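Asker: Residue numbers (the numbering used here), protein chains in the order written: chain P, 1 to 426; chain B, 1 to 427.
These are computed hints drawn from the structure, not numbers from a lab. In this text the structure is predicted, and so the values were computed from the model without any measurement. Treat the hints with care, as some may be off.
In silico DMTMM-like pairs for lysine to aspartate or glutamate, Cα to Cα no more than 20 Å straight-line [claimed, not checked]: (1) LYS419/B to ASP176/P; (2) LYS264/B to ASP251/P; (3) LYS427/B to ASP226/B; (4) LYS327/P to ASP300/P; (5) LYS94/P to GLU114/P; (6) LYS166/B to GLU190/B; (7) LYS419/B to GLU286/B; (8) LYS149/B to ASP132/B; (9) LYS164/P to GLU125/B; (10) LYS185/B to ASP174/B; (11) LYS149/B to GLU80/B; (12) LYS331/B to ASP132/B; (13) LYS264/B to ASP254/P; (14) LYS164/P to ASP96/B; (15) LYS270/B to ASP251/P; (16) LYS185/B to GLU249/B; (17) LYS172/P to GLU420/B; (18) LYS427/B to ASP176/P; (19) LYS270/B to GLU249/B; (20) LYS265/B to ASP192/B; (21) LYS164/P to GLU268/B; (22) LYS185/B to GLU268/B; (23) LYS419/B to ASP367/P; (24) LYS265/B to ASP251/P; (25) LYS265/B to ASP167/P; (26) LYS270/B to ASP254/P; (27) LYS427/B to ASP300/P; (28) LYS298/B to ASP239/B; (29) LYS172/P to GLU423/B; (30) LYS164/P to ASP91/B; (31) LYS321/B to GLU80/B; (32) LYS264/B to ASP174/B.
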Amino acid sequence: MKSNKRPILCGVLSGILMGSGQLLNRQFLKGILYLATHILLILWVYPYIYWGVEGLVTLGVTPKQDHSLFLMVYGVLSLIALVYLILFQVSCIKDAYRNAVKRQNHEILPNFREGFRDSLRRKSPLFFAAPGIIAVSFIVVLSLVFSIMLGFTNYDLYHQPPGKLLDWVGFKNFVDLFTIRSWSYTLTSILLWTVEFTILTSVLPYMVGILIAVLLNNPRVRFQKAIKVGFILPWAIPSYISIQVWRGMFDTNDGFINHILQDLFHLQGVGWFQNTTSARAALVIVAVWCGFTFPMMISDSIMKSIPSELYEAARLDGAAPHHCFFKITLPLLLFSIAPLFIMGLSGAFNNFNLIYLLTQGYPPNLDFVGAGNTDILISWLFNMTFTTMKYNYASAISLLIFIFLAAFSIFNLRRTKNFTEEDMMQ
Amino acid sequence: MSVAAAILMAAGMLAGCAKKPGSSNSSSTSTSGSSQEDDPLASLEGSLSGNLIVWVGDLYMEVFETIADKFEQDTGMTVELVSYTGLTASDKLALDGPAGNGGDVYVQGGGGGLATAVDQGLFMELPEEALDLDKFTQSTLSDYRYQGKLYGLPMGAETPALIYNKDLLPTVPDTWEELMEECGKYADIENDRYGMLMDPTNVYFTNALIMANGGYVFGEKDGIYDPTDIGLNNQGTKDTYRLLETYYENGWWQRNTEFANMEKKFSEGKAPAIYDGPWAVASYQEAGINVGVAALPKMANGQELLTYSGSYGMAVSAYTKNPRASIEFLKYCVSEEAVMDYCRATDRIPVLSACLELDEIKNDPIKNGFAQQMVNSVPQPNIPEMNQVWTPMVDAGILIFSQNQDIDSTLDQAVARIKEQIELMQK
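Using the sequences and the accompanying hints, generate a full structural model.
Answerer: So, in structure tokens, the structure goes:
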């Protein structure tokens, strides 16, 4: 075993000044190119990065001249660029180290042109993906990191750039959310209702959809296609419009539903949006209306694809129809639907449209900060940003929602059979 | 790897072409923008020469083209009109100003929006002595004052007023009580007919009655509002809510009705009058209602009903390098002809007392009605704390009128909520 002192020396040299390790390896052209690049970086690029990071740390010094939000964006851009530059330098160090090892083993190093071709061939997937990766990191990562960072500042009505500078406040916003009594009371109450809302508005549409699909697949039902077209209609109408129509139908005085209750059944009309339970019931009803079609279509086609031999065999063994349903149809349906259902959960959790267009959070609750009894987290977030102008709290809450949803979805997806098992049929 | 080296080299050269950062005394500017001059607020810098950039909405471009032409002729300057879409002008300025790319004069509404922009440091204080301020109606001018200082000039204004169906209510009675009584005779909820309609949950409308009864939103002294002094649960406000509650009990109004539904009822001819803004008039006329507009009559005890006004006009960027020409341009915007042009295009009410006397306004029954109300109007409190008032008060209104909650305790609770939210906001 030879000592690896020299390769390490080459690596360290390249770490200090890119290209110097390569020069030591007697790869002159490559070394000079690396060296020139590094000098250019030090002269022209690193000052920008230093300035960007400095701005990110201080968030500006002179109000009206320095725009803290801009400085944050530049800072994040600098950090992303810095990550790329570090990766670049690491690759240069690796290159110097590897070639030094090769030289020790008396291998012939490829000349510049060969090395270039070789790396082009070996790294071609990387080169093709590079534009995409770079674009994603500067567009997606930038906005993501930026919006998360807002949660750690004092960005609110009284601290609006460029007139005022922002400051970092650490975890204060998160602590506030949980410790200030009225905030934490609102947060916990709304979180609880949001979870109920999510479960109800995602489970019920699936149950209704599967039920209708099963009924439609019964050979005794006639005009299946016509009925199916009828059931697809709620899906064809944009939910924006159907929710508005529902809102009109739920109206206490002029609504269609109350008229039916009063005229046909001689019941008292319901003040749908006047009390919490009926307003929440209305939300769930409309969610089912808007949401059952998709599961219905999916389960319909899945049921059509279940081999009929399974049912014939079961029937020969004397299975009753409900046995067939619970032992064959339902397990196969759930197997395919489960991942869709779980992905739908996060959509239901953030179903802003429904709340905003149907109840607007009403009925009111004066114990809540900026929310009514039917507001869910995401609509509370909206109120907070646009009426209370607590941008920092809104960002903190959205970060919490993100963590919560991501953890929940990953946990559940990993537990579904479809995700863990390669084979569909047992 | 060498390819990456080449790319980075090229990037380094490109970066080399740009300005070198971080050396000027203003600590830092954007990488692409030029640096700022010394503080332009120090004195009225600038001269009547060169170029002026004016940001206006694309809807009323012609109005400002006329003003700009006249300004160009008189001063020899060139005016560049920039129209914006998407963000409001002040949002644009917040982004452009510090980078040095913004305009000089911006179209900017008064009230809370202006106050927020001033807090952001976007607009400069105007020298009051240099401007002929007596010619404005006072409530519209107050809309451009914030903490006692003037930050812009209004051109047109809006205020809600009494909009009535001439077929159902031939003449407007002399007092508010008589008006309600008169319209109440028409009401018959079973048969889908209602009295004089208004939104009793929205402080924007109810403030007129609240103030006439001795209530107030924020305590005020010399145009400066005190956010710790909230009068929305004092005796006057509670009396107002009790008065409104009697209108429900008399069968003139229907509970659980949104204001949008009330507007629909009026446009269907099912109510003799509605207390609504000028923006709704066109749709009532289209629906075939014989619309009349008048100022709200005063209360029987002699108190005038003062509505909230909103004003629209111009402000000067705090980042302008030519404040002198900018303010000069502002003066052109508030000349009688310019204001009338603007109000013809926008259907707003002119802000100059002299314009209100013109035949064009006097002989237009709709505009004259709103102009009459304009005289009896007050600006909305423009402090940012006002944002925390609207929603709790709407909530209180719904709880009181639709869910039969006790008036006194609900208003106390709403004010406690407003105070708490203001505290949270300031944290």
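Asker: Are the hints correct? Go through all of them and say.
Answerer: Results for each hint:
{"no.": "1", "hint": "LYS419/B to ASP176/P", "verdict": "18 Å, holds"}
{"no.": "2", "hint": "LYS264/B to ASP251/P", "verdict": "14 Å, holds"}
{"no.": "3", "hint": "LYS427/B to ASP226/B", "verdict": "18 Å, holds"}
{"no.": "4", "hint": "LYS327/P to ASP300/P", "verdict": "17 Å, holds"}
{"no.": "5", "hint": "LYS94/P to GLU114/P", "verdict": "18 Å, holds"}
{"no.": "6", "hint": "LYS166/B to GLU190/B", "verdict": "23 Å, violated"}
{"no.": "7", "hint": "LYS419/B to GLU286/B", "verdict": "43 Å, violated"}
{"no.": "8", "hint": "LYS149/B to ASP132/B", "verdict": "15 Å, holds"}
{"no.": "9", "hint": "LYS164/P to GLU125/B", "verdict": "17 Å, holds"}
{"no.": "10", "hint": "LYS185/B to ASP174/B", "verdict": "16 Å, holds"}
{"no.": "11", "hint": "LYS149/B to GLU80/B", "verdict": "28 Å, violated"}
{"no.": "12", "hint": "LYS331/B to ASP132/B", "verdict": "9 Å, holds"}
{"no.": "13", "hint": "LYS264/B to ASP254/P", "verdict": "12 Å, holds"}
{"no.": "14", "hint": "LYS164/P to ASP96/B", "verdict": "15 Å, holds"}
{"no.": "15", "hint": "LYS270/B to ASP251/P", "verdict": "18 Å, holds"}
{"no.": "16", "hint": "LYS185/B to GLU249/B", "verdict": "14 Å, holds"}
{"no.": "17", "hint": "LYS172/P to GLU420/B", "verdict": "19 Å, holds"}
{"no.": "18", "hint": "LYS427/B to ASP176/P", "verdict": "10 Å, holds"}
{"no.": "19", "hint": "LYS270/B to GLU249/B", "verdict": "19 Å, holds"}
{"no.": "20", "hint": "LYS265/B to ASP192/B", "verdict": "8 Å, holds"}
{"no.": "21", "hint": "LYS164/P to GLU268/B", "verdict": "51 Å, violated"}
{"no.": "22", "hint": "LYS185/B to GLU268/B", "verdict": "18 Å, holds"}
{"no.": "23", "hint": "LYS419/B to ASP367/P", "verdict": "13 Å, holds"}
{"no.": "24", "hint": "LYS265/B to ASP251/P", "verdict": "14 Å, holds"}
{"no.": "25", "hint": "LYS265/B to ASP167/P", "verdict": "52 Å, violated"}
{"no.": "26", "hint": "LYS270/B to ASP254/P", "verdict": "14 Å, holds"}
{"no.": "27", "hint": "LYS427/B to ASP300/P", "verdict": "55 Å, violated"}
{"no.": "28", "hint": "LYS298/B to ASP239/B", "verdict": "17 Å, holds"}
{"no.": "29", "hint": "LYS172/P to GLU423/B", "verdict": "16 Å, holds"}
{"no.": "30", "hint": "LYS164/P to ASP91/B", "verdict": "15 Å, holds"}
{"no.": "31", "hint": "LYS321/B to GLU80/B", "verdict": "15 Å, holds"}
{"no.": "32", "hint": "LYS264/B to ASP174/B", "verdict": "26 Å, violated"}
Checked against the numbered hints given earlier, the structure breaks hints 6, 7, 11, 21, 25, 27 and 32 and satisfies all the rest.
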